[in-house]
Amino acid sequence: MCDSPEAGVIPIQTLKAYVNATVTMAEQELMVLSCHICRELVCKACVHCNAELSPAMGCSVSRGTCGHYFHTHCVKPWLERGRPNCPLCNEAWQEDRVIIF
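Residue numbers in the sequence shown follow my numbering, run continuously in steps of one, and reach 101 at the last position.
In case anyone wonders, no lab produced these hints; they're calculated from the structure. All values derive from a computational prediction rather than experimental measurement.
Think about it this way: if two alpha-carbon atoms lie no more than 16 Å apart in a straight line, the pair counts; the simulated EDC-like pairs of lysine to aspartate or glutamate are:
#	residue 1	residue 2
1	K76	D96
2	K44	E29
3	K76	E95
With the sequences and hints as input, model every part of the structure.
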């Protein structure tokens, strides 16, 4: 028998995995969701921001307590026209979260 510390050790391939803890599954899902008002992806600028030559700020996304997402520039005029409900499910609109890309 061999008394070396390497006796009986079988080398294996090791892989390094990096976890990006700053991006949640919900935020990853935003990358494929569309604003149901302007039909653009919510992760991209809305039609209002695209129309401006140099938008001052990033286009923000509002989430209602119902869980639906819309560009803030799209849902704000909807609400200001006296429509107090989610444009998609008709639940009373209450902003739960604002995300700025």
